[in-house]
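Peer 1: Sequence:
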Amino acid sequence: MRAIVIEQFGGPEVLTTTEVPEPEPGPGQVLVRVEAAGVNAFDGKVRSGAMEPVFHTRLPVVPGLEAAGTVAAVGQGVDVTLGTRVTGWCRAGYAELAVLDRWAVVPDDVDAVQAAALPVVGEAANRSLRLLGVQAGETLLVHGASGGVGGLATQLAVAAGVTVVGTASQERLGRVTAYGAVATEYGAGLVARVRALAPQGIDAVLDAAGRGALPDSIELRGGTDRIITIADPAAFDLGITFTSRSEPDADDLAALLRQVAAGTVSVPVAAVLPLADAAEAHRLVDGGHAGGRVVLVVRPAAATP
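Numbering of the sequence shown is given in the numbering used here, commencing with residue 1 and proceeding in unit increments.
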């Protein structure tokens with residue numbers, strides 16, 4: 001089968017398209033004919049070798065943490081009809097076929113691009129909100145409220161009755177407002193702007209941007225309690241919780257898919273590229289300013305079995 005492979009560590013140019021053996025599903029897994037695969041910052045860190053101090057990657061390797069497609073085969077203990085549209089978490093999604101470890105059925109009203117863009121950011125958004133314990137009637141400050149995790153967390157919090165103040169770049173403030181949040185720009189004077197927008201005070205902070213807003217967040221909270229970041233390693237020096245351990249949950253994913261189908265939440269997608277353009281996809285994500293998810297289209301929906 002055709003796949004994108006990392007054969008040596010380096011820049012996006014090391015990603016190559018090649019033929020690799022077809023994978024087989026193990027117990028509890030499904031094999032899917034991939035329609036679309038999400039591109040994550042983690043993929044670029046594996047490709048560059050930046051993750052080597054944390055864990056060793058055996059090369060060559062096919063990257064990709066999430067994919068959407070149709071079920072082509074099932075492992076032992078799996079009861080799902082072949083041809084069912086699913087999305088979920090995998091370890092080699094940049095390919096024509098991928099094995100999903102956890103997955104959920106994709107509703108008819110959700111396309112493959114939205115489905116593939118959802119598992120990783122959905123898990124991170126849900127995990128962050130649970131760690132913060134935000135409740136209806138509270139006020140949440142979200143840094144990076146126009147992006148993947150921040151945007152989804154903003155929508156979920158608003159839907160739960162939370163008042164959200166969301167920071168973003170000037171050109172993306174309209175997106176934050178459309179999510180139902182009160183929008184304000186990054187940068188100098190942030191504390192004063194947030195206090196003016198939320199005179200009731202800030203009950204919790206989610207930093208999904210990693211743009212150095214943690215000191216301002218501490219000032220707004222009056223301490224480090226109920227502040228978490230998924231993006232700023234300065235947290236370790238400031239006594240703030242840095243959360244990165246993924247906890248995939250198929251039921252959570254299914255619930256998010258239903259909300260996407262109902263139109264109550266959406267995942268911002270900045271670019272949709274063919275599988276062969278994986279290097280360009282990595283350049284967009286490596287830059288950190290894509291403005292939403294980047295998704296590789298592996299197989300058009302019409303080609304599913």
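A hint or two may mislead.
Label-pair restraints from in silico Cβ distances [stated by the list, open to error]:
#1 Asp251 to Arg211: 29 to 39 Å
#2 Thr17 to Gly189: 40 to 50 Å
#3 Met1 to Ala188: 48 to 58 Å
#4 His289 to Thr17: 20 to 30 Å
#5 Thr16 to Ala188: 14 to 24 Å
#6 Val182 to Arg58: 39 to 49 Å
#7 Leu82 to Ala188: 48 to 58 Å
#8 Gly189 to Gly28: 23 to 33 Å
#9 Arg283 to Pro60: 15 to 25 Å
#10 Val61 to Ala276: 11 to 21 Å
#11 Gly223 to Arg58: 39 to 49 Å
#12 Ala178 to Pro53: 36 to 46 Å
Note that these hints are calculated values from the structure, not bench results. Yeah, the Cβ is synthetic: ideal placement off N, Cα and C, and Gly gets one too.
Peer 1: For each hint, tell me whether it holds in the structure or not.
Peer 2: Against the structure, the hints come out as follows:
{"no.": "1", "hint": "Asp251 to Arg211: 29 to 39 Å", "in the structure": "holds (33 Å)"}
{"no.": "2", "hint": "Thr17 to Gly189: 40 to 50 Å", "in the structure": "holds (47 Å)"}
{"no.": "3", "hint": "Met1 to Ala188: 48 to 58 Å", "in the structure": "holds (51 Å)"}
{"no.": "4", "hint": "His289 to Thr17: 20 to 30 Å", "in the structure": "holds (26 Å)"}
{"no.": "5", "hint": "Thr16 to Ala188: 14 to 24 Å", "in the structure": "violated (44 Å)"}
{"no.": "6", "hint": "Val182 to Arg58: 39 to 49 Å", "in the structure": "holds (47 Å)"}
{"no.": "7", "hint": "Leu82 to Ala188: 48 to 58 Å", "in the structure": "holds (57 Å)"}
{"no.": "8", "hint": "Gly189 to Gly28: 23 to 33 Å", "in the structure": "violated (52 Å)"}
{"no.": "9", "hint": "Arg283 to Pro60: 15 to 25 Å", "in the structure": "holds (21 Å)"}
{"no.": "10", "hint": "Val61 to Ala276: 11 to 21 Å", "in the structure": "holds (18 Å)"}
{"no.": "11", "hint": "Gly223 to Arg58: 39 to 49 Å", "in the structure": "holds (44 Å)"}
{"no.": "12", "hint": "Ala178 to Pro53: 36 to 46 Å", "in the structure": "holds (40 Å)"}
Hints 5 and 8 from the earlier list are contradicted by this structure; the remaining hints agree with it.
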